[in-house]
Structure formats: structure tokens, C-alpha cells
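Please construct the entire structure, taking both the sequences and the accompanying hints into account.
Those protein sequence lines, which keep their order, are chains A and B.
Going by numbering that gives the first Met the number 0, the first residue of the first sequence is number 0, and it counts up by one from there.
Going by numbering that gives the first Met the number 0, the first residue of the second sequence is number 0, and it counts up by one from there.
If you are wondering where the hints come from, they were derived from the structure by calculation, not from laboratory data.
Watch out, some of these pointers could steer you wrong.
Just some of the chain B residues that point at chain A, by a computed CB distance under 7 Å [as the list claims (entries may be wrong)]:
| no. | residue |
| --- | --- |
| 1 | Thr179 |
| 2 | Val183 |
| 3 | Gly221 |
| 4 | Leu242 |
| 5 | Lys453 |
| 6 | Asp465 |
Anything over 10 Å on all C-beta distances counts as not near chain A; from chain B, calculated [what the hints assert, rightly or not]:
| no. | residue |
| --- | --- |
| 7 | Phe53 |
| 8 | Val77 |
| 9 | Thr113 |
| 10 | Ser159 |
| 11 | Ala322 |
| 12 | Asp340 |
| 13 | Ala418 |
Heads up, simulated EDC-like pairs for lysine to aspartate or glutamate below, C-alpha to C-alpha not over 16 Å straight-line [to be verified]:
| no. | chain 1 | residue 1 | chain 2 | residue 2 |
| --- | --- | --- | --- | --- |
| 14 | A | Lys178 | A | Asp22 |
| 15 | B | Lys208 | B | Glu42 |
| 16 | A | Lys57 | B | Glu229 |
| 17 | A | Lys29 | A | Glu172 |
| 18 | B | Lys467 | A | Asp22 |
| 19 | B | Lys209 | B | Glu42 |
| 20 | A | Lys168 | A | Glu181 |
| 21 | A | Lys163 | A | Glu180 |
| 22 | A | Lys145 | B | Glu35 |
Since we're looking at a predicted model, the values are computed, not measured.
Glycine residues also receive a C-beta, built at the ideal position from the N, C-alpha and C atoms.
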Amino acid sequence: MSDSTSSSSELFGYVAEFSSASDLYHAAEKIRDAGFRRWDVHTPYPVHGMDHAMGLGKSWLSAIVLIGGITGSSVALFLQFFTQVSLYPTVVQDKPINVFTLPAFFPVTFELTILLAAFATLFGLLGMITLPRWNHPLFNSSLFSKFSNDGFLMVIESRDPKFKREKTKELLEEIGAGKIEEVNY
Amino acid sequence: MADTKTANTAVHPTEAEGVVREPLVLNNRSLGWITERICGIVENRQPFIWWVLFVPSVMLFLCLVFSLVYLVSTGVGVWGMNQPVAWGWDIVNFVFWIGIGHAGTLISAILFLTRQKWRTSVNRASEAMTLIAVMCAGIFPGFHVGRFWMVWFLAPVPNSNAIWQNFKSPLLWDVFAVSTYFTVSVIFWYIGLIPDLATLRDRAKGIAKKLYGFFALGWRGGNRQWRHYEMAYLILAALSTPLVLSVHSVVSFDFATSVIPGWHTTIFPPYFVAGAIFGGFAMVLTLMLPVRKLYGLEDLITAKHIDNMAKIILLTGTIVGYAYIMELFISYYSANKFEGDAFHMRILSGPYTWAYYCMFFCNVIAPQVFWFHWARHNLWMVFIIVNFVNFGMWFERFVIIPTSLARDFLPGQWGYYSASWVEKLMFAGSFGMFFMLFLIFIRFLPVIAVSEVKGVLPESDPHYHDWKRLREKRRGAIK
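Structure representation (C-alpha cells):
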């Protein structure tokens, strides 16, 4: 399997440049159909429909956010009932100090739900995209830094079981890559 | 900055020929041009006028610091407030600044959910405006509590007095609403900034590269990152939308749940929210019109953007006008003596009627000019009208807050309130802080969301070139 990759343990993978979003999109479809797994496309903006072209499903970040939101409402309800009913009941404006005081607790419950859901979004996102990670082999590539300007890049990692040094390069050329650069660790 | 002009030939492929939408970015600008132009603002020397604005802003900000030091070291008596008017300019300014922030969240969240792609050119700056405005707002209630060093009592933390906050009070709801609003806005803004910080990182050298790189978190723009990123952005937009509506509603509860005639009205939450968006858009335009001119961003913030924002100002201004008139009608129709008298004094016989007419003219009459196409496309006209709105929205809060308090139930407790020099200096100083922070933002961060603007170009569509090829083939076949 790893006939050619074993000799190149230093190689991280290939960075290949495509001329436009359309070309990259079609190239991604072909790499997906060829069965690669450890590869990605790097673009200046999220390309619409690229998830489909890469064979990726829906992001399940929303599940983490839901958990965050539920935590937020529970914390808020606990905080309010515990302090207002049990610890320090304040009788103001003839409002009840039992479970029927719930309507007055709605705004804070809402706000804390949103707050913890937003934190879950931030930290869930960072967890799912494994950032912060300031050091990455791709930053060794001079071609790679074009992604943040106007480059449409495809990266195939040598760790991919289908990766073969010569064949993969040929495949990239075949599907329309312009410049191809080898990136080392 | 002399830009070349070319015909707008980049038509979105999914549009039928002949039915062409106005492009969001003019003159067929390329991805590289967008990067260069926006990052150039940060990388090049600032124009002289930046310093002309920055130095007075810092000086005004120092006035704020001085007045706060004077206030704390002397006591809240240096403000002009007393019974019956215990909420004066400080709370007026708080509501004013919080309201300004709402347009930023509306642009970033609600227009995102409604797929208004034109938002991409203005969302970054307006979100920054939101954060800065909320910071300015936070100063006022913080110092309004009297003993600023006790402000931590607002937070529900166990303390040695074993006292807990009253969660049934709208004032505590407000603490939660505003602090959540600020935090969520920061998260939203920062997540939006990450790809652009990576762009700046890849262009910068030396210490700037390290700093931008640190905050870009090592962003690599891979689709395996983008897909989660886009989901996060969508979720944050969905969270911020009800949040922004709740914040000014909760602010309005501070007044609406009390029994003061003139405050105790059910129309307050929608009326406050509409007013906040109205005033916020006016401030967005106040900031963006000069920025657009100064940094040559006419191709990115086009006449269409200004036209759209003027229309929103017209709509929300008219809603606000409806609320003003409905308030008057209800005070008559409710047959409540105190309510009726409060509004009678507000518009006819009271000591503050000048403020009411000032507000009514600036907020309801002046924006009606935006019914006309020429007014929405004449930048001076837009600039003048939005400044009327800025002015009028401050007066709206003034009309609501001190004038209701000055004359409540018993004539024996009536009074007149005017601000002391400390309050005036604080208000001026808060503008200094606002402009100072905004100018610092322009200096160090991309004022337009680079990656988002790139995404709305016609050629950013992955099928653009397929369509173009197909169209050319079809044309060839016809010939």
C-alpha cells in the first residue's frame, strides 16, 4: 500500500492551485470520487456547495449549541429559584415567592440561554475545526498563503491511504491543477 | 485614489439575460483587488484627516475620564439630578448608546438570516460600532449606581451580606440583557474576523504578522473548517436575532413596568426596538459615508447600500412616528387622568414641549425626505438627514425619561431638571470615546469583511464559469 509514501516520510502533501472556484469545485468532485480521505480545499471564502462536492455532510455544531442552550436555561432557572424562593425571598410588588413567580424569571432565563448557547458555538466551533493551532505544515508552503487572497487551492496529504507520490501528482495535473507544490513537515 | 472604471459585465449566472440585478461590487473588481483595497487601509499610512479626527476624539475622551474622576471623588451630587428627576442625562445617554448598537446586530444577524447579501459591505464596521456603543452605554448606569466600586453587586455572586439580587426587577434583567448582548456581539464579531485576520497575517511582516497570526488562531481556510464556520455563523445570527429584539425590550421594561405616567405603556418594547434600529442605522451612515469617501470604498459600499439603509431609516422612522401618535391616542382613549395629563404636558403645556417638537421633527418629519430617490442618492442630503436622526433619537430618550419624572402624580412634587456641566462633559466625552475607538478599529482591523465580500461576487459561484461557457456556446450556436 505505502510503496512510495514510505520513502518520503518528510512529505506532508501536495498543494495544488486551481484557476477559479468552478475548476476547484469540479476537481473536488473528482478527488471525492477517487476515494481520497485526507484532503481539503482552501479558499478565500466559503464556496457554496463545496460540502457536496467534497462529500461532506451537515455540520453537527448545532447539537453542541443545543446542549449549551439547555445548560443556560437550567442554570438560569436554578439560580433564580434557588436564590429567590429558597435562599433570600424578597417580597416586592406583591409578587409570589413560590413557583408561580416564573413569568418574572423569563427574561433572565432567555438571556442566559442565549449566552451559554453562544459560548457553546464559539468553543464548539474551535473544537470542531481544531483551532487554535498556530503551527501547521501548510504554513511552510509559499503557495499556500494565496488562499487568504485569491487562491483556490487543493491539499492532498501524504497520510491518505490512496496517496502515491507520482500518481497523485499526475492525477492533480489531469484534473486541471496549475501550480503544484510539495509541502514538507 | 484613482480607480479605473470598467463596465459591470460580471452578471450572476443564475439570472436570466436582460434581468440584471444591480451588482454588489462595482467595476468588476477581482478578489485580489478587494484584498488589496481593504487590507491597504490597515497597512498604509493613515490619511492626515484620520489624525485630525483622532486627536480631538482622544481629548474629548480625556474629558470623560476627568468628569468621571471628578464625579467619583466628589459624589453624584455633581450631577444635576435630584428628586423628582433621579434619572437624567445618564440614563438618557445609556439608552441612546445601547440603541445605537442595535443597527449593527440587525445588519449582522437579521439581514444575514433574510439573505440580504448587501450587508457584507457594512456588517463589520457596524458590528464594531455596536461593541463600541455598548461600551459607551455601560459607563452610564455603572456610575449612576453612585458608588462605582460597588457595581459588582449587580452580579449574582455570593457575598458576605447573604443578600441576593431581586430577579423580579427589570433593572436586573437589564444587567443580564446588556451583558449578554455585549458578550454575544463580541463572539459574533470575532468569529467573523478570524478569516480576515488570517488575510492580514499572510500579508504582514514582523511583529504585526505575529499579532494578527495570534488572533487568527492559525486559520487555514479549508472547507473542512469553513463548513463548521458557516454553521457557527448561521447559529450566531439565529441567536443574535431574538437577542437584539430582547435587549431594547428589556431596556424599555425599566420604564414600562413602573407606574410613572408617560412610562407605563405597553407599546414601549416594539417602539424602543424600532427606534433603536432607526437611530443605529443613522449612526452607521454617519460613520460609513466619510469612511467610504476617505478610503475609496465606493465600489464596495455602493449607492445601492446607502439607498437600502435610507429606506430602512424611512421605514423605522415611520414606525417610530406611528408609536408617538399611538401613545398620544392611547393616553386620550384610556381615559386615565394622569396619563392624559402627562401627555398634555408633554405636547402642549409642560416645560419640555420644545424637546417634544424637536424630537418629532427630527425623527418623523425629516426622514420623510427619503421617499424621494434623489434624496437617497445625494450623499450630503443623506448625511444631513441621518444627523437629524442622531439628534432626534437622543431627544426621544430625553422626552421619555426626565420629562415624565419631572411631573408625576402630585403637583407638589413637580420639578424641573437641567443637566449640570459634569453631565454635559460626560456626554461629549462619550462621543470622544466612541470616535476614538472607531478610529482605532479602522486603523488596525479590516473595516469591511474581506472574505464575505468576496463570497458575493458573481464569479464566486462555483457554477459561474460553467454557465459562462454554456452561454457562450449557445450564443455561438445562434450565430
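Against the structure, the hints:
no. : hint                   : in the structure
1   : Thr179                 : 4 Å, holds
2   : Val183                 : 4 Å, holds
3   : Gly221                 : 4 Å, holds
4   : Leu242                 : 5 Å, holds
5   : Lys453                 : 4 Å, holds
6   : Asp465                 : 6 Å, holds
7   : Phe53                  : 29 Å, holds
8   : Val77                  : 31 Å, holds
9   : Thr113                 : 17 Å, holds
10  : Ser159                 : 13 Å, holds
11  : Ala322                 : 21 Å, holds
12  : Asp340                 : 24 Å, holds
13  : Ala418                 : 30 Å, holds
14  : A:Lys178 with A:Asp22  : 14 Å, holds
15  : B:Lys208 with B:Glu42  : 11 Å, holds
16  : A:Lys57 with B:Glu229  : 11 Å, holds
17  : A:Lys29 with A:Glu172  : 12 Å, holds
18  : B:Lys467 with A:Asp22  : 13 Å, holds
19  : B:Lys209 with B:Glu42  : 15 Å, holds
20  : A:Lys168 with A:Glu181 : 9 Å, holds
21  : A:Lys163 with A:Glu180 : 15 Å, holds
22  : A:Lys145 with B:Glu35  : 13 Å, holds
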